[in-house]
Every structure is written in structure tokens, then in C-alpha cells.
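4 protein chains.
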Amino acid sequence: ILGCTGIVGQQFIRMLENHPYFEISLLTASKNSKGKAFKDIVNWYVKGKIPESVKNIIVMDTHLESIINKNIDIFFCALPSQIAKDIELSLANSGVFVFSNASSHRMNPEIPILIPEVNPEHINLIQYQLQKQKGFIMTNPNCSTAGLVMSLKPLLQFGIKSVTVTTYQAISGAGRLGIPSMDILNNVIPYIHGEEIKIEKETQKILGSVHNFSINKQDIDIFPSCCRVPVRDGHLESVSVELAKDVDEERIFDSFRSFKGTPQELKLPTAPETPLIVCSKSDRPQPIHDSYAGTPKRAEGMAVPIGRIKKKGKRISFFLLVHNTIRGAAGTSILNAEMAFIKNYLKKS
Amino acid sequence: ILGCTGIVGQQFIRMLENHPYFEISLLTASKNSKGKAFKDIVNWYVKGKIPESVKNIIVMDTHLESIINKNIDIFFCALPSQIAKDIELSLANSGVFVFSNASSHRMNPEIPILIPEVNPEHINLIQYQLQKQKGFIMTNPNCSTAGLVMSLKPLLQFGIKSVTVTTYQAISGAGRLGIPSMDILNNVIPYIHGEEIKIEKETQKILGSVHNFSINKQDIDIFPSCCRVPVRDGHLESVSVELAKDVDEERIFDSFRSFKGTPQELKLPTAPETPLIVCSKSDRPQPIHDSYAGTPKRAEGMAVPIGRIKKKGKRISFFLLVHNTIRGAAGTSILNAEMAFIKNYLKKS
Amino acid sequence: ILGCTGIVGQQFIRMLENHPYFEISLLTASKNSKGKAFKDIVNWYVKGKIPESVKNIIVMDTHLESIINKNIDIFFCALPSQIAKDIELSLANSGVFVFSNASSHRMNPEIPILIPEVNPEHINLIQYQLQKQKGFIMTNPNCSTAGLVMSLKPLLQFGIKSVTVTTYQAISGAGRLGIPSMDILNNVIPYIHGEEIKIEKETQKILGSVHNFSINKQDIDIFPSCCRVPVRDGHLESVSVELAKDVDEERIFDSFRSFKGTPQELKLPTAPETPLIVCSKSDRPQPIHDSYAGTPKRAEGMAVPIGRIKKKGKRISFFLLVHNTIRGAAGTSILNAEMAFIKNYLKKS
Amino acid sequence: ILGCTGIVGQQFIRMLENHPYFEISLLTASKNSKGKAFKDIVNWYVKGKIPESVKNIIVMDTHLESIINKNIDIFFCALPSQIAKDIELSLANSGVFVFSNASSHRMNPEIPILIPEVNPEHINLIQYQLQKQKGFIMTNPNCSTAGLVMSLKPLLQFGIKSVTVTTYQAISGAGRLGIPSMDILNNVIPYIHGEEIKIEKETQKILGSVHNFSINKQDIDIFPSCCRVPVRDGHLESVSVELAKDVDEERIFDSFRSFKGTPQELKLPTAPETPLIVCSKSDRPQPIHDSYAGTPKRAEGMAVPIGRIKKKGKRISFFLLVHNTIRGAAGTSILNAEMAFIKNYLKKS
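Chains as they are written, first to last, in this note's numbering: chain A, 85 to 433; chain B, 85 to 433; chain C, 85 to 433; chain D, 85 to 433.
Among the hints, a few may not be true.
Where chains are identical, the list cannot tell them apart; a pair therefore holds if satisfied intra-copy or between any two copies.
To be verified - Capping the alpha-carbon separation at 30 Å, the derived lysine-lysine pairs in BS3-like fashion look like this: (1) LYS131 <-> LYS381; (2) LYS120 <-> LYS431; (3) LYS120 <-> LYS394; (4) LYS282 <-> LYS394; (5) LYS381 <-> LYS396; (6) LYS396 <-> LYS216; (7) LYS301 <-> LYS216.
Read the hints as simulated data drawn from the structure, not as lab findings.
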């Protein structure tokens, strides 16, 4: 795990505890932490306690020389984008498989942004990479995009003309030190740097179709507006979808309720049984109550609760909630790796 | 002032201190407060200190007998709707002028929902009422609607097809006891009872045109989604407007910047010099910084700051902030009364 | 469980799931909930999800006739004090065992306030009650007191002259609807009705000694000052203890670290392995990180983390954190029942 | 004003607007801001709007060469301590008068920590400095200390044996970027670096007596415990004072109510008419309601509201509130300068 001390890094560690496929053998952090035991440098922010199995792992420097050619098969990357960029390329080139939460390579046409319930077939993009080298990079979407595309996928069959999405994003999305308390306590900040363009471009790519190892991006107008709110975890999103035609309300509900995907079929360890959970109460989903939606235990935070679904003509409006550092980051990255593992993409030739 | 102890009641009191046209002579509250001095029953929540002039006013019971035929010309009403309903009708019938923040009569076709910068001509609806009686009821819009229609008015000239609006509403909007802290601390609640239908219907009425003392409501699709956030004061709104045609971006900006209305022409005491303030910083408006936008001092909280204006084809997106208990309640009600006063509607025949 | 819908009621339900000694057979709530399934009336606020085993229990009215003579051995009471008072007396009189979180009978000299790590011998007070009837009432302390006495018990051997305690109490301590958000968001309230006198009197009783079934209260000056802070769960307390003599610092630390009691000896199911956890980091304990201190899983929230221990002459200062609805309420009540069970006090004659 | 962009710097600017004695002629900030207009670099966080008179002042670099020998008589310093240290010494040495909020020189025996209501006679310490040079440094206390000593001064006549003080400190006390939101939202942090030792040492110095230009520090045991709470402005303090003798309760109240000092006698512009305001309501003072206590307008935030006064034997307990960046920082510094000005200490020889 590259970048093990941040919140996403911690989620990787938490979610990989006793994992049936993967075992943590290396942790990296910034130079200051080099050579120290994980438990002595981390300020543990995520659910539960530090897993015993990683407490005493000696943390390495996030530096290519420290981590390359160490007999490690896959890397999970929770680094800031600017640091991730080159390291990931070098690692993939050296023959390993990189599952990255960083945004650096998401818009690269040879690299998939994968969310296995939504676009499992995009995994084929890695063929491009494998023609040139033995390793590859696979990314998961931005936190807000992850929730959004999961809610849009079942509506795609009805034809989507436009999507207007307004977010209520948790402070953990900016990292542990990202948002000063004087900026957000008793306040809302209607600006998140670079977020809106990510939501637009990533959604169009993820919902696009693959032809001959290349993606035709989905032609949907996306109008995103992003805000930071004083909430610790869980991005709420207000979504308004303009469909191509007027569809019966019950069909809309059914499409959400019956939505399943490849991870559910393959019964992947981190797959939630029900990826979209339609809330029965009229004032839900809410961050404090619903962020950890998802069963079984390993999939808590992997389901996307959705509520207040309304239809007016061709417009469908609803609220969804996505746990930003689980389904919106580490969790999807792990699910991607699980799918790749089961589908035999992680075999060394 | 009917209902003087709530937050809106307090704003009426604060804003009417040393008012050039009006003087407070009667305050009402619930039965428990009857006969006590205002300063002894109020838990002062609004800006500044309790005005000396009202501190020792003996509060009356909010009961028709206590307040009717007392030689009072106008009543400002900050009562809950269900209580306001009958009292307002009786008062108007008795020959006085009622400026009400309650929602009870807003959708009555003979009663205007007035916001003087937006639909000053709607004041003519009171002719209906004056044909039957000597008094009238005039209302101001719901708090979220107030901000929204001010931002839509300058765009109306370009033709508005639809408006998608998502709100971040402050807890003061639900009154002092409205939202339990366990419901909102570290949370967002995607539901406000009755709010969305109010935004839709009131906006269509306010932006409608008057013909022969009757309103043709504006034919715009409004898609509102409302949320409560842990912020004390100031409703932020994310607005996305679909115009009928593609308009040059600079014209949009100009229409916001140059927007003025009747209150500015008449130089009404509570009128803000610039009703829409286009924010220059990219992360504004924000509740803690911009809620009290507006000059001069008496008009603080009466201006609507607007920011992050973006254009993509026919879609205009922006954020606006409205001080929910000033422009969204007491302030507009006072502005309405000022306009009525200057236009000689408050003369006793 | 009497009063099953409040936060303490929910903690009882959560902590009694799959309990080795007890099984939930009856739930009560207010009249409105009568006859409905638990899952349909509860707004689940506590950790995890509603246990399957109680979801469909039909809730009874909290009324003596509905609950008496139903073949239930023990009642856990999470009712407000004024409602609890008479019901508890009647239940005990009818021959059942009542473990109550209500404050109504705590200062009754025949009823113990028990915290098994601190004053297990006080259980003998129930003999008084058993002379008159077949049932008894046993109480647990007020939430703030529970944490405080656990930290004072190990210091008692050195002689305690006075205790100055200032609290930072979570909003959940006032119940789900107790604190309006307008009162506490971005604020601190230096007043909690009745709390300071409870801390003083309960502490003196709990730390007192039992002679001939009667308590000599401990003669310590207690100076409590209580505040509500905008935190959901976990009461932090700043404690300053004046000892009778100057004790070596290391002995103080040791007394905290080595502190164990009857529940640990008896290995009661809800007993934390280490009841006082001395924090190693200099800025701990903190509500968000340490509220659920305690192992094993069933005892999460039952340990009291303690930190920033300082000694200056005879003064010992430190901060402690107590999960107010677990160790400070339902958890201790359950621990009391577990001890009574193991010690054969719950046998029907 | 040295360090004009931080919150204390902004308070200096706000409070010096239209000041009868002083006029702002120079502003400094970090290198990045050099050469820019104040309005373009500041993120205005304090009450009201940026004063017109400073908006266009070109900000200088906080570097000795930029500011020395510029014909400026007095400097207000809002710099971080480590930066302030040498600059202040050099400035004083160059012959100007420095009023500093930095802690660097507070414990220097030749430099007073002045709070004019409490220890006006300590101003004489500057004679030491004036023997060596033409300028001097005068400091105001740490924010928490400022409130505390104002409440202790009237009790000093009864003999104070010990003071136990526990704080609830606002996030603005750590500066605009000081506390990450992930650390404090829904949390309390029982640690503020260096704060407790400052409260202890500064209080003993301020309450000490001057003999022959030297201070005999007051021999009181001070037991401080400091916490950060999620509140924007206003430090609340829970104070428990052990008096030397048992004093009649009414005398205690009177001593608080009648407390006045030199600033009130001299009618200094920034002096509050009533420096200690005894709250009549049982749940006050509270940060959101009482932080700006003090009249006239210029003295808002300069009074210290005090409430919940209780007496038990020789122990007096109460809560006080101090606006941390006004009375606890810029305001007292300005008050110090006003007193020095009126008493002719600011004359150039």
C-alpha cells in the first residue's frame, strides 16, 4: 500500500485485514515515517482499531527504489496524484499491477476507470498496457463519481439526456489536513478544486462503451456543482436525471432495486449483496445513519443508499449517499483487484 | 408584531428599531408569555442586542380579542401558519394591513406573494381584497424561494425553460426548537417538510404576470431538492437554469450585476443598494462570510450574493446565498410594507 | 426493556444481542408505539444495525398493567425518571428484579448505585428490599458519575480530600430530542439541569462504605461544573484531585494501570479486560477516537480511557472519557445484572 | 501592524478603524503578500467589513529593513512568537513602542504583561527598558489568561490560595489554519500546546506586585487544564477558586459587579463600561450569545461575562467567557497603548 497513513491508506489497511486473496506485505509513507513501525506513525481515523497484523510493519519511504522489484504482485495506491503519477508508471512498467485511487491516469485512454458493478468490460483496456509491458495500472473513480455512476447505470437503459448533480461532500474527502476548521465549522463551501470536471469527464468515460479496446464516451450532458459540508464521512448527492423518454415510475424503482452486477454474480469478497439500497424512510439517506450501508460486514460502506426518488415527466430526482473513502476510494480499488484476480488478470506470465 | 419571540419575530424587532416609517406598539406571543415584559421572555438569538425601545413592552396573548381594534395600522406576522391563518383573515377583515411571513395564504389568488425587486406590480392583487374589506393581507415568499426568484428575475428576459435547484438550508429556518441537535450535528438531512412544493408553486406565482388583477403563473419547470445542513444562518442554493436560447456569457453576468428594482428606485429604507452581489472570489458565497451582504446597514442580509456562475450551452449554473430570516422572512416583509407605505396603500380611508 | 426507543433503550437492545445470560422478551415505549413492531417505530441511533431478533417484537405500552406478572425475571429500565419512579417500585414489589438507569431511586438508602468495578459490596443493600418483598431495584450511576468514580477508586487508597471536576458532555446525554441544534451548534452551554448535584451526591454514596446494610457516605468535597458541547457521544471530564498526602507519581500511574475489579475477576460478559486505559498519546482521550474503548467486542465503550495525567504536589489532574450511553448507562446496568446473576441474586425463591 | 492577515491582525485593523488616538500607516505580512493591496490578500474573518481606509494599503514584507526607521511611533504585533522575538527587540531598540500579542517576551522580567484593569502599575517595568533605549515592548496576556485574571482580580482582596481552571477554547485561538476540521468536528481535544504553563506563569506574574521596578510574583497555585472545542470564537473557562477564608456570598457577587479599573476611570476609548458582567440567566455565558459583551460599540468583546457563580465553603466556582481575539489579544493590546498614550509614555523625547 502506497501512502498508508492517510485516510484512504488506512481504509485499504482496514479492508484488507484477513482478506481471502491479498496480504499486506509493504507499506509506504513520506520520508519522515521511514523505518518506523506503522502503529507509531499513524493517527488512526477509520472504523475499528489498527489491525494487529500491520501494527509492527516497518514503513518504507514512498520512493521508487524502495519498493520496486520486491516480489510484490500488486500495489494499492493512496498517494496524492502528483506523487502517484510517475511512480505508478514505473511500477506498471516493472511488471506489477497497480490499483490506484489517484486521479493522475484516470483520463488516459489506455487505463480503465473501473467500477465493477458498472463497467466491468472496461477491464479490457489493460490489454493495451499489457502489449507494451507486463504490468498495468487500473484506477477507480473519484469519490463523488463512484456513487453517481452506480445510480445512473440502471437508468442508462431508458436513455439519459442530462444529469444535474449537486454534492454535499464530507471533509474526509480532502484528507486529514485538507480543510481547516475555521473554513467549515458552521459553514458550507461551494467550491472543491477540480471536482466538477472530474465528475463530468469520468462519468462520461465510465458509462462509455468499449470497442476494439477503445472507449466511446457516453454522450450525456453532466452539470455538476460541488460543495463541502461540515460532515466527517459520506458524500450526499442530489441528482436530477433527464431521461430520453417518459418511463413508468415503478420501472424506475425496479431498476434501482434489482440492480446487480459482476461483483454480485462472482460473489467477490468485498461486493455488497445489494449495491443500491432504496431507502424506505422519507428523510434518508443521511451520512450519520447510512454511510456504512452494505452487507456482509466486509462490504460495509460499499452499498449506495438512494432515497427520495421523485419523477416529474422525464425528470427523475433522488438523493444518494456514497461512503467517500470506501466505495469512493479504497473499497472500489479492492473490488477491482478482486475482479482482476478472479478473472486471472493477476497471473504472472 | 405577532409572534415576537421566535427568530423571525426577533428579526422584525431588530429591523424595525428606529425605523423611519413604522413604530412597534404591540407584541404578541403564546399564552405563557402574556403580561410579561418582552426582555423577560425572549431568548435573543439575532444580531446585536435587544432594542431598548421594546425591552419593556408588555407582551400580549396571540389571541384575536387581545389585538383587534387597538388602533394599530399594520401587523407584521411571524406566527406559525396554522395559527396565522384565521387571525390574519380576521385582522384584514377588521380593516388593518397584514404583512405576513406565514405560508397560510400565499397561494390564495387574491393575495400577493411580494418581493419588491421582482414583482412589484403584484401589489395590485390587494384591490381584490379592498373591494370586500378595508384591510388586506400581503405575504412574502418562503425563505428559499425569496433568494431563488431574485436570481431568476434578471434571467427571465432570456426565457427560462427549467430550473433545477438544490438547497443547503440553515437550522434557523426551522425555528429555535425545530431541529434536534442529534439529528443534524455531523449530518445532512435530505428532507424539509413541504419545502419543495413551496419553492415550485411560489416561484411560478411570483414570476407570473398580472392581468386584470389576476395572475398568470409563469410556465417554468421547477425541480427543487431541499436539505438541512449544520449551519446556523443563511441558505445556500445550487441553481441550474435552462434558458430558451444560448445567450452570451457576458450578458448573463451583466444582467445579474445591473439588476435593480423598485425598492432601489424608491430608495426604500430597507432596500439594499445592490440586490444581487456577484462574488469575485471563486469559493463564495459562504454562509459565515456572506449572510449579511447588503448596504446600507439597515439592509444587511437583504442582498443576495451569487457566485460560481458557469455557462455550458443553454445551461447557467450558480450558487446563491439568502439570509433566511432577513431577505427570506422579516426583511422582505418590511420592504413590502415600506413599498405599500410609499405608494399610499396604507392610508386609512 | 422499559423505554426501548430512546438512545439508552437502544443501547440495551444492542448490548443484549446474543447475550449469554439474558434474552429480550418484552419491549415498551410510549402509548403511540403500542402494538407496532419495534423496527417500525425506532429511529436507530446507535452503533451497527437493529438486531434481527428484536425487529419484529411487538412493542407494549409503558403501563404497569401491560408488563406486570408476565413471567419476566428482570427489567432493564431506560425510562425518564418521573415515569420510572412508581413503575419501578411496583415491579420490585411484584417480585421482579429491576436494573434501572433512571435517577429516581438512586439516593434511596436501601437501593444501591452500583458500578461493579468500584463498589461491588454495595449489592448487599438489596437485602433491605428483599426483607420486604421478593423483588428489588438496583441502579447504575449518572453518566458523568460513572466515569468519575472509576477514576477515583484507585486513588482512594491514597486518601482523597477534594475533587474538582469539569465536564464536556455529549448531546446524546440529553436524549434524542433533548438539545435543540440552535442551542448547541458552534456553542457550549455551561449548564445541565440537576447534573452537578447528582455527581456530588452519587459519588459520595458510591465511594462510601457499607456497614450493617447501610452506607456511610465518603467524606470528600466534590466541586462539579457541567457543560454541554457539540459532540454526539462521549463525555470528557477534566478532573483535579487533591490527595491527603504527596504520593509518588509512578504509584499514581500504576494504580490506574493495574486497576481491576470484580467484573474482571468474574470474567463477566460485558466486563472490559482493562477498565481504565491510560492513553499513551499526549492529546487523548478524545470522543471521536476513544469513546468505544474496551475489549472484547461486547465491552466496547465500557472502558474509561484516561490521559494527560499530571501531578503537582498533592494535586493529581487528568482527563477521562466515558461513553455516556454505554458505561454511563445501559452498559453498567447490564454489568450489574450480570454480577447479580452470577452471584445468584436473580434466583426466584 | 505586524502580521495583518491573521485573525488577530484583522482584529487590530477592525478595532483601530476611526480610532481617536491612532492611525494605521503600515501593514506587514509574509513575503508572498509583499507589494499587494491589503484587500487583495486578506481573507476577512472578523466582524463587519474591511475598513475602507486600509483596503488599499500596500502590504510590506515582515522584515526588519522594511519597517524600521519609517517614522512610525508604535507597532502592534500580531506575529507568531518565533518571528516576533527578534523583530520586537530590534524595533524597541530603534526607539519605537511595541505593543505585542506575541508570547516571546512575556516572561521577561523587564517587560510587563499588562491588562489595564488588573495591573496598571506594572507599566512601570518599562522604565527598565527606557534606561537602555528609547523604545519599549509591552505585552498583553495569552487569551485564556486575560479572561482569568480579570475574574481573579476582585477576589484577590479575600486572599486566593489556589485556582483550578478548565478551558473550552475556540478554534480561532489557533489561527485560521491551526486546527484541521477532521481533528475537531464532533470532537473535543484535551490538549493545547504550551497553553497550561502560560496560564500558570502569566497569571502569577500579572497578579504580582511591583517593587522597585521588579515584580514579586503572586504566590497562588494554579491548576490549568486546556481543551479545544468546536466553537469559532470565545473561550469559556470553568474556574474554581479556593479562598483563604470564608467570605459572605454577597460580598463575592459585589466584588465582581463593582469591579472597575484604570481604563474605566480614564474613559479610554476601548474600555468597556463594565469590565465584568455578571449574567442573570442560569445557563450563561455562552459563546454564541455573549462573546461580544461590552459597551460602548468600540468595546464589544472587551467585557468578560461571568455566570453560574457558586460558593461552597471557601470555594468559589464560576464560568467566564473571554473573546479570545479581542479581550484575549488585539483589544487588550490596544487598551494598553491607549493607557500608555494618555499617561504620556508615548512621547518621543
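Alpha-carbon proximity context of LYS396 and LYS216, limit 30 Å = The answer is neither: 50 Å in one copy and 39 Å across copies each exceed 30 Å.
Go through the copies and call it for LYS120 and LYS394: within, between, both or neither, with a Cα cutoff of 30 Å.
-> between (53 Å within a copy, 28 Å between copies)
Intra/inter-copy verdict for LYS301 and LYS216 if alpha-carbon distance must be at most 30 Å | Within one copy only: 24 Å inside, 64 Å across.
Pop the pair LYS282 and LYS394 into one bin, within, between, both or neither, using alpha-carbon distances up to 30 Å.
-> Result: close both inside a copy and across copies, 26 Å intra and 16 Å inter.
How would you classify LYS131 and LYS381 at a CA-CA limit of 30 Å: within, between, both, or neither?
-> both (12 Å within a copy, 13 Å between copies)
Checking LYS120 and LYS431: alpha-carbon separation at most 30 Å within a copy, between copies, both or neither?
-> This pair counts as neither: shortest intra-copy Cα distance 32 Å, inter-copy 55 Å.
Are the CA atoms of LYS381 and LYS396 at most 30 Å apart within a copy, between copies, both, or neither?
-> neither (37 Å within a copy, 43 Å between copies)
Checked against the numbered hints above, the structure violates hints 2, 5, 6; every other hint is satisfied.
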